[in-house]
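K.L.:
Residue-level listing of the chains:
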Amino acid sequence: MEKKSLRIAYGEALVEEGRQNPDIVVLEADLGKSTMSCLFKDAFPERYFEMGIAEQNMASTAAGLALAGKIPFYSTFAVFAFGRAYDQIRCGIAIPQANVRICGSSCGLSDFGDGKTHQSIEDANVMSTIPNLTVLNPCDAVETRKMVKAMLTHQGPVYIRINRNDLPVFTADDGIPYEIGKMQRIVEGSDVVIFATGAMVWKSVEAAELLKAEGISVEVINVSTLKPLCKKEILKYVAGKKAIVVAEEATKIGGLGSTIAAKIFGEVNLPFAHVGIDDVFGTSAHSYGELLEHFGLTEKHIAQAARNALGR
Amino acid sequence: MADETTVKELKRKAQQLRYNVLDMIGVGVAGHWGGSSSLAEAMAVLYFHSMKLDPTNPRHPDRDRLLLSKGHAALIQYAALCEVGYVPREELKRVKELNGLLQGHPDLSIPGIEAVTGSLGQGLSIGVGMALAFRLDRKANRVYVIMGDGEQSEGQLWEAAMAAANFKVDNLTAFLDWNKIQATGRTEDIFNIPDLDQKWRAFGWEVIVTDGHDIGKIIAAIDQAQTVKGKPTLIILDTIKGKGVSFAENVATYHNGIFDAAKFDAAKQELAAQLENI
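Protein sequence lines correspond, in order, to chains A and B. For the first sequence, full-length UniProt numbering gives the first residue as 1, with consecutive numbering after it. For the second sequence, full-length UniProt numbering gives the first residue as 1, with consecutive numbering after it.
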């Protein structure tokens with residue numbers, strides 16, 4: 001399976017869209033070579049604002065640019081993009097529904113070496129609690145590229161969390177536009193449905209392969225829009241299944257799993273298994289794979305969760 | 001330089017704004033009288049003299065922008081927006097009412113309000129963003145941001161101060177309402193930030209200190225700011241918190257205080273008498 005960087009896809013998408021749309025501006029807090037917003041700097045230096053290591057000011061400045069008609073994308077590591085500027089996002093961006101696009105790069109555990117201060121296990125969860133804010137979590141480089149385009153015409157603020165590592169490319173580069181709020185079936189199956197997001201989508205596809213060998217038919221749904229999350233969509237894919245699994249690279253509290261459970265509780269009576277990070281911070285490791293193993297976020301763990309839910 | 005008639009008119013306008021604020025606060029309800037009244041003259045000059053705006057269209061693309069970073073003083077901005085004609089007068093008495101137009105802090109749903117402020121320290125950054133947008137578009141719109149003196153302890157303001165100087169935005173003018181009192185007491189007792197003018201200069205700004213209740217001087221300061229190239233300008237308005245109602249002047253409790261019926265009537269009479277004498 002070919003692997004590609006979501007960060008490079010993000011940077012390249014900004015450049016390509018920037019060519020068409022002169023209103024796109026990009027802000028960065030001294031991490032442009034990591035978030036890959038530096039590609040935009042090279043292409044359109046006059047529309048690139050290096051804000052220094054000052055995330056609060058960056059978020060509010062982006063709000064001002066948006067309120068004056070621009071389409072600002074600001075990026076830095078996810079922990080800082082959302083956490084350092086939470087109130088600036090809440091008041092200056094989300095309440096007035098400013099068209100700011102916030103890129104939380106190196107999300108989840110993907111910044112494996114830097115450890116708990118830099119690994120954001122709660123960014124998508126927290127951002128999802130803010131009214132008016134759309135939250136995206138692409139599963140591969142192709143989806144990232146499509147999302148950047150979709151964000152341009154979307155009205156209102158968006159938070160997108162992007163993985164640091166090269167990930168398998170498995171969604172179709174077919175020119176079909178990304179539709180915010182729509183789930184996507186990656187694998188069709190009948191016994192158990194796995195709702196997965198971000199890097200956990202491919203892990204779930206691999207889990208489905210493992211289970212197939214055991215005669216278990218697995219459906220994998222890519223939930224790359226974490227908010228808004230449509231109950232109808234969830235019910236559509238749950239229909240006819242014997243169990244539900246949710247897999248996310250985030251704290252289990254207040255994330256995709258608990259949101260799906262809350263939305264269907266009382267209407268759907270099926271076994272439910274949740275793969276995610278328990279209520280703990282990350283830790284340093286030499287590789288991303290090592291960390292996913294440590295926190296129970298591999299295809300093996302997802303497959304086991306499915307077996308447990310099915311009582312196998 | 002503004003002629004005498006203009007100055008006189010703006011003095012009357014400022015007084016009318018104070019009157020509107022008092023009306024909005026009413027009897028027995030907490031309201032930000034202190035930090036609103038200290039800004040009456042600056043608001044009058046901005047909305048009725050210095051800023052480009054279209055009274056028939058609050059969204060006119062060529063309009064200047066005014067951001068009230070000290071968003072708790074929203075009443076004085078609402079007072080001005082009412083006099084401009086953007087906010088219906090009957091809404092003044094419904095301020096902070098459920099389903100009313102006028103929110104407790106500036107909200108984009110209100111015609112003439114340009115940003116959401118109130119969580120302190122954010123307005124200047126938003127202003128920097130707007131100023132950058134206008135410069136990119138080669139538009140002549142100017143951006144004005146009003147900060148409080150208590151607000152100066154917010155670190156983000158200094159991030160914005162550095163950014164504005166770094167990007168050399170000279171289409172941005174900030175005001176500091178130096179009324180020397182914050183919510184719980186005198187600023188020098190609560191959290192002392194000495195030499196504000198020197199601090200802002202050291203951050204790369206042109207700084208003008210002027211009497212914040214002198215219409216002519218405010219006009220002159222804004223005119224001067226417009227001639228400064230290559231850096232932003234800060235106008236420090238030396239003001240009196242609660243100005244216009246003698247018993248509320250320089251009294252911290254009127255930061256967000258309550259007028260009882262007697263005090264309310266006394267305040268109204270005092271403001272009316274001042275208006276007469278202009």
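For the record, the hints were derived by calculation from the structure and aren't laboratory data. Be careful, since some hints might not be right.
Claimed, not checked - Using C-beta positions, here's what the derived DEER-type ranges look like:
1. Asp-3/B to Asp-87/A: 40 to 48 Å
2. Gly-266/A to Pro-61/B: 48 to 56 Å
3. Gly-113/A to Lys-96/B: 26 to 34 Å
4. Lys-116/A to Phe-191/B: 50 to 58 Å
5. Ala-202/B to Gln-155/A: 38 to 46 Å
6. Phe-191/B to Ser-284/A: 32 to 40 Å
7. Ala-202/B to Gly-115/A: 44 to 52 Å
8. Asp-87/A to Asp-223/B: 50 to 58 Å
Just so you know, even glycine gets a beta-carbon here, dropped at the ideal spot from N, CA and C.
K.L.:
Give me the numbers of the hints this structure contradicts, sorted from smallest to largest.
P.N.:
3, 4, 7, 8
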